[in-house]
Amino acid sequence: MKKTLLILIGIAYFLSIENVFSQTQHIQGKVVDGGEPLPGVSVKIKNTDRGISTNDAGEFSLDVPFDAVLLVSFLGYETQEVLVNNRKFVTIDLQSTNNELMDVVIVGYGQQKKITTTGAIASVSGEDLVKAPVAGISNALIGMAPGLQAVQNSGEFGNDKATIFIRGMATLNAGGRGPLIMIDGVERETYNNLDPNEIESINILKDASSTAVFGVRGANGVILITTKQGKTGKPVINFTSNVAAIQPSILPELLGSYEYALLRNEAQMNMGQTPVFSEEDLRLYQTGEDPIFHPSKNWMEELIKPFSFQQSYNTNISGGTERLQYFTSLGYFNQSGGYHQPEQDLGFPFKHTYDKYNIRMNFDFKPIEDLTISLKLGNQITDNSIPNGGAWGAFDKSANLPPMTSPGFVDGKYIEKITGMPAGVPNFNPWGQAGPTSTGGAFVTDDYSSTVNTNLFVKYDLHRITPGLSVRAMGAYDSYYLKHKVRSRYFPAYTILKDPNSPMGYTMYQSKEGGPFYNLSESVGDNNKWRKMYTEAALDYNRTFGESHQITGLILANFQRAFYPNLAYKLPTAYLGLVSRITYAYKNRYLSEFNMGYNGSENFPEGKRFGFFPSVSAGWVASEEPFFPENDWVTFLKFRGSYGEVGNDKIGGDRYLYLNGPYTLGNGGYQAVVFGEAGVNMTRFNMYREGKIGNPDVTWERAKKLNVGVELKLLSNHLSITADYFEEKRDNILWRLSTVPELVAAELPAANIGKVENKGYEIEVGYNNTVGNTTFWAKGAYAFARNEIIFQDEAMRKYDWMLRTGRPINQYFGLTFEGFYNTQEEVDAAPASQWSTAGVQPGDMKYKDLNGDGIISTDDMGPVGYSDWPEVTYSISGGFSWKGFDLSALFQGTGNVSVRFESASAYPFTSDWGSAQKWHLERWTPERYANGEEITFPRVELSPARQHNYQPSSFWVQDASYIRLKNVEMGYRFTADFLKRVGLTSMRVYVSGNNLVTWTSMKYSKDPDARELWGRVYPPMRVFNGGVNFQF
Amino acid sequence: MSMKKIILISIVTCVTVCFSCKKYLEKPISSEVTLEDIFASKEKTEQFLWNVYSTASIYEFPFYWAASESGFYHYGATYTILAAATDEADAYANLTGAEAFNTGNWSASDIYWYEFRSEFCYKGIRNANLFIENIDQAPFSETEKAAMKAEAIFLRALMHFDLMQRLGGVAIVDNVLKVSSAEDIPEVRIPRSSFEETVNFIVNSCDEAARSLPNAYASQYRGRIVKGAALALKARTLLYAASPLFNSDDAYRPVSDPALRAMIGYTNYDSERWRIAADANKAVLDWAKNESGWCELYQGKENPVDRYEEIFINPNVNEIILDAGLMGPTATNYFVRFMTPGTVVYTGTDPVNIGVTFNFTKFYQKADGTDQVWDEQEGVAYPYAEYRRKLGELEPRFQASVFQSGTEWSRGTGTVYHFYEQQSRLLDLYNGVGFLRKFLKGVRNGSSPAPKWITFRLAEFYLNYAEALNEANGSSGEIMDALNTVRERVEMPPYTYTNQADMREKIRRERAVELSFEQHRYFDVRRWKIAGTDGVMKGGMYGLRLAGGTEPTYKLEKFEDRVWDDKMYLYPFRVSEIDLGYIVQNPGW
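So the sequences go chain by chain: S and Y.
Per the numbering used here, the very first residue in the first sequence carries number 12; after that it's consecutive.
Per the numbering used here, the very first residue in the second sequence carries number 51; after that it's consecutive.
Hints in this document: simulated from the structure, not taken from any laboratory.
Do not take every clue at face value.
To be verified - Listed next, the in silico DSSO-like pairs over lysine-lysine satisfying Cα-Cα at most 27 Å (straight line):
(1) S:Lys-41 / S:Lys-245
(2) Y:Lys-617 / S:Lys-581
(3) Y:Lys-77 / S:Lys-619
(4) S:Lys-619 / Y:Lys-228
(5) Y:Lys-94 / S:Lys-581
(6) Y:Lys-94 / S:Lys-809
(7) Y:Lys-228 / S:Lys-766
Stated by the list, open to error - With the C-beta cut set under 7 Å, the calculated list includes, among others, these residues of chain Y facing chain S:
(8) Leu-75
(9) Val-83
(10) Trp-100
(11) Asn-101
(12) Glu-169
(13) Arg-176
(14) Ala-221
(15) Leu-227
(16) Ser-231
(17) Arg-272
(18) Pro-365
(19) Asn-366
(20) Val-367
(21) Asn-368
(22) Gly-375
(23) Asp-629
As the list claims (entries may be wrong) - Just a sample of chain Y residues kept apart from chain S, beta carbon distances all over 10 Å, derived:
(24) Gln-97
(25) Tyr-164
(26) Glu-183
(27) Ser-244
(28) Pro-304
(29) Ser-342
(30) Pro-354
(31) Val-394
(32) Asp-418
(33) Gly-429
(34) Ile-580
(35) Asp-615
(36) Ser-626
By construction, the Cβ of each residue, glycine as well, lies at the ideal position given by its N, Cα and C atoms.
Turn these sequences into a full structure, and let the hints guide you.
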């Protein structure tokens, strides 16, 4: 890779070398922007290929013909033509094009001027992404764009990708809700591993107008990621370094042995049992004087480190000449040490690390006039080592174990058995609990992955046929490789006994031998490789007639083939499509656009395979009207609207939905068919099984989307407001038929039966201004999306409130919790309970008897809380800069969302011996009730899962809305004087923090975004980061 | 210019080529096997028939229940056998399906987990229908096709019987149901047939199958369905249909809806049904004797204990008309794990420990044909030697079926004691007088050969015939012949005829003992409508609790009070099916 880079840079310089032999004069000049020198500006002699770039001081010198005209161009500035006119020195003041008229936005298969865009598109700049000191792009996007909702379930290294939906959920299929994500015009699901320093911009396409071109794949919205390109000019070298301390943002507060034992005794007494722990046990737990046989361990703290380390570095070089521009970037990201190490030499590193390496090289060539060739090469390498099952293991163990099951390691030895603990206390040492066998092992899994993205793009300007016409083609090839490796070995295990004769009071003997590299396993499968090929070819037309009529046109064809070895049928997947777009704008005032995608999916039968997805949109820029009064209050006003259809063809991993699945031959597994004489010729016979049934009528899911929006700029452009309202009707949703009687007894295909409506709005308000030395800005965004299942082939339910239809997707259902029974009188009058045959008791939960039949049962479970996906997402950010200092902060939150936790992470004494939390101390007892203490938990019981109090209810389904101080950054940019002395063009130092504070009303000490029911996920990391950025 | 043309032309060609070539999105031709391929090949047709066998047989033993393996049965009370949900036995582990039945803690919403999954019956029926509808295309001779079709017709009937014995009249599915869109669903919501229609469907299927089935197969296909199996299914179906639960003027529970009344049984009593049942069972005995050329009561082995035991561990025994494949796969040891007395013989995880109840032990006579004197008082300690003596005196079938304390698990493995308070082995882990041993002789671990589960064996039809003939007031000589043939095989003294009522009791007792733990009594006590009688499926269950030490003792001890409700005479349909609105639920559920 490195070699290729050097060669390519070499070529670039070679191309820029000029040999000039004509009759010339020498000219010197300086290019400035209002006095500030502009380095890297292209100064070219018109109608030749000769030119040069300005140096750091914005100066250039060039031999030119006497009558030459200089073309001075620089990205973001208007190109100027300068007549040399015998002058020896010129000063050229370039005018910034930084006005809305010239801003462009990336759209599907092209780009458009922002002002004439009629679709609903949100943008995030690479600059903003870099601010978040987090591992993945999906996490950096949290709170960055209205309508883009990101929920980060886990903060575990390498496993912390956020789930992203655009404008909520509009389809029933869990596997078919995600947006289409493209990097540089090619679908690339591995986007999360990109280095934010490589990214120029991310555009989020939300409505039919912007997504229709993606046809059968666009219904869930589209995210377009564009990587950086080189800029003409001297090489600019950028270096960024970040070092951070990170920690789990929240962890459950577990009870120590003394409180645990007291509470467990209470639970046993509540159930009419004799308590396990004696007074003496309690005393020993309280004093801690017997750490071997009466230990008190917080397994969470034992396994998980309070702080771990994160670092990231990026260096990139960008520059180029007229003929070639390059952007190369090298990034490294690392997180390490989330878990404590066992006190054992395993013979291999028991490490917990996540490493990510990013390499990118983007080149744009112009070998001849009218021809542009771009080559983009990206490589993301990740290497993730997780010990002992990672967060799942650690949290599962911590939640399932009481604090007194094991002293852990004693004298550096792994203790598997303890003789002398109170009767009944189980023997568990979590250090060995998740090993390859159930005791005494440790293992490390190591996942190494490499993703290569390549794009080759060619564009040829056909202005000689007709102005404004061009043709382009792109080919892309991606490959992915994953190596999964597991190393494991046993500890030597010891049994510990009480020994009154030993000075230490205990003795131990080795009860199990440790193994050398026992069971060292390493697997590299074909299953972990894939490759993808993508090709497109297009004709573009873009011309303005008579200053007022601007017309653009696009026709594009594309093909994709991908080979995933795990695919059903082991055949490559294919997509094929045709895209077209026509736009017409009159004086940037009246805008109209027609988009269409015509594409096919292998999942559907002939005749239903290709779908046509049209959309129309229109806009009116009122502020461009001649009658619109020139004023400083309202400087820009645009109305826009769009309507169209988009499709979705995803339903999990099923393919060729229209075909009957193959019959498969097997030996019957557990239902062998065996004929013959025993002991003579008894044989097991192979048999063919029927495959799944095809649906000959299956076709794509259809989304009809309406969007209306208004864009407004006020107060001399200081204040901007964008608001959008949308409505989506999704039908033909691919969904399993669920009212088919069991009589059919076949594996049925998806059918186009679901209907979902999704409606909502987004508002974004921004303000920025400069007063004196101080520039300040503020931004607020609020998005709301609510869906409703209109139809899903739901079976009849006993009562209306049990119906899922008519509710949002993933609505929680359960009993309605109405407080606790406090007195015997209340209990006597209470309805019976399906889960409590002996009758409810004081301290039990009071539920609403919805059907009034005097029995609390599953029939009384109606909708409780909200769905697991937030309806509301919002963010507030702001900042200021003063001289070299800058400060910014981002708050982000969600609303109308619920979460349900259950089992060991939420209940005390699961399976009799699960952990208990601080929260559980606020349980109901007659004494606590009599004393008027705060009661937030029912009376405690053992093995709660099937008990009355632990049924799904509004008690367990809790409000998971939150507001979070997501990001704060404070920086200082050194002054030009200082920089000159140290030879840099720019230098900034900063400190930042991420996930700093979260406000939520949840009772659990868990992150509100954790969706795993049992909470077996690492919470998001809190990050304290410091960094420096140089440019030279 | 030429450059531009080339680009233009290439784009145009690209677009046209790709769109004219529709094959781009077509599934490439590959070697996947389709339904047509199956029935175009002899070998594959047979291999599909084995699939019908696999999914449409009664695998009573609950060896597997993973949800991921769709189409796999689990029968016989999760983790144990159905005998543990009758007065025959008790499973100690409280996670079994039997526990739910014994505590009355089961319902339409969880029945599928505790014992029986009706959708698996319909999976077998679907496979049978696929076979029946397509076998005519297969390259076999007409005779071969007819015989194979008859196998599928039999298996389809067997699955309908399996549904019927639990549910009464059920939806009869005699063709492959097709669904591809929501519009097709009403077509496949087939309502329940009446009980009579269901019985007739099974009987007619058996008649049809019997016409084409062979009497025997070549040695390597021993175990396939023979004509006798079709006769046997018909005979058992008609016996059940003639029994008090179904053949009665009164339903087991009052029902006002006449349509539902007809689904849970005949709406009147007709003694003619007993006569038809007797004839059908006689036909099985006649087939065995005159037609089969091989089928007879097993008479091998010197010792009657070994003789009886051999039937259940040797699949080559000629008494077996049909069995259902291995109980548990070759090396995986669910059978061992759930059936063996885990605490004394096998030390795997989660032993279920099936104990034989004292209630059931009382059905066994002494070897001389007289009753044992059971005069133990509850809670009183008796000398251990008395336990050994009294149990030791019981007849051969008890010795073969129950693993008592102080005996060997199998020859040469050493004497095992089941004492409760013995230091070395704390044995509070079973209820009853001893562990179940029938089916298990010598089984120690997963590599022990798994036995096959018997669906029909000839002895049943002697007892069926005796029962039906007695109820139909038939010839007393024939009744006694049938009953005593079964007794003689285990060297028990013959009975002499007394009267119909007394013979009814004797036949039922003989049936309990001969067919013990074979999944008969669970259905017998229902069809006889005696499940609600105290001590059968309701009330106190007793065991003999052993205590070790220097002077070992035993005590009669009630370990459980079982719960019964008359609605349980028939199972509920799964609530998920009821919610679809096409099935009428059985009364009381």
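Results of checking the hints against the structure:
no.: 1; hint: S:Lys-41 / S:Lys-245; in the structure: holds, 15 Å
no.: 2; hint: Y:Lys-617 / S:Lys-581; in the structure: violated, 52 Å
no.: 3; hint: Y:Lys-77 / S:Lys-619; in the structure: holds, 14 Å
no.: 4; hint: S:Lys-619 / Y:Lys-228; in the structure: holds, 21 Å
no.: 5; hint: Y:Lys-94 / S:Lys-581; in the structure: holds, 23 Å
no.: 6; hint: Y:Lys-94 / S:Lys-809; in the structure: violated, 46 Å
no.: 7; hint: Y:Lys-228 / S:Lys-766; in the structure: holds, 24 Å
no.: 8; hint: Leu-75; in the structure: holds, 5 Å
no.: 9; hint: Val-83; in the structure: holds, 4 Å
no.: 10; hint: Trp-100; in the structure: holds, 4 Å
no.: 11; hint: Asn-101; in the structure: holds, 4 Å
no.: 12; hint: Glu-169; in the structure: holds, 4 Å
no.: 13; hint: Arg-176; in the structure: holds, 4 Å
no.: 14; hint: Ala-221; in the structure: holds, 6 Å
no.: 15; hint: Leu-227; in the structure: holds, 5 Å
no.: 16; hint: Ser-231; in the structure: holds, 5 Å
no.: 17; hint: Arg-272; in the structure: holds, 6 Å
no.: 18; hint: Pro-365; in the structure: holds, 5 Å
no.: 19; hint: Asn-366; in the structure: holds, 5 Å
no.: 20; hint: Val-367; in the structure: violated, 10 Å
no.: 21; hint: Asn-368; in the structure: violated, 11 Å
no.: 22; hint: Gly-375; in the structure: holds, 5 Å
no.: 23; hint: Asp-629; in the structure: holds, 4 Å
no.: 24; hint: Gln-97; in the structure: violated, 5 Å
no.: 25; hint: Tyr-164; in the structure: holds, 15 Å
no.: 26; hint: Glu-183; in the structure: holds, 12 Å
no.: 27; hint: Ser-244; in the structure: holds, 17 Å
no.: 28; hint: Pro-304; in the structure: holds, 22 Å
no.: 29; hint: Ser-342; in the structure: holds, 16 Å
no.: 30; hint: Pro-354; in the structure: holds, 22 Å
no.: 31; hint: Val-394; in the structure: holds, 24 Å
no.: 32; hint: Asp-418; in the structure: holds, 35 Å
no.: 33; hint: Gly-429; in the structure: holds, 23 Å
no.: 34; hint: Ile-580; in the structure: holds, 27 Å
no.: 35; hint: Asp-615; in the structure: holds, 15 Å
no.: 36; hint: Ser-626; in the structure: violated, 7 Å
When each numbered hint is compared with the structure, violations occur for hints 2, 6, 20, 21, 24, 36.
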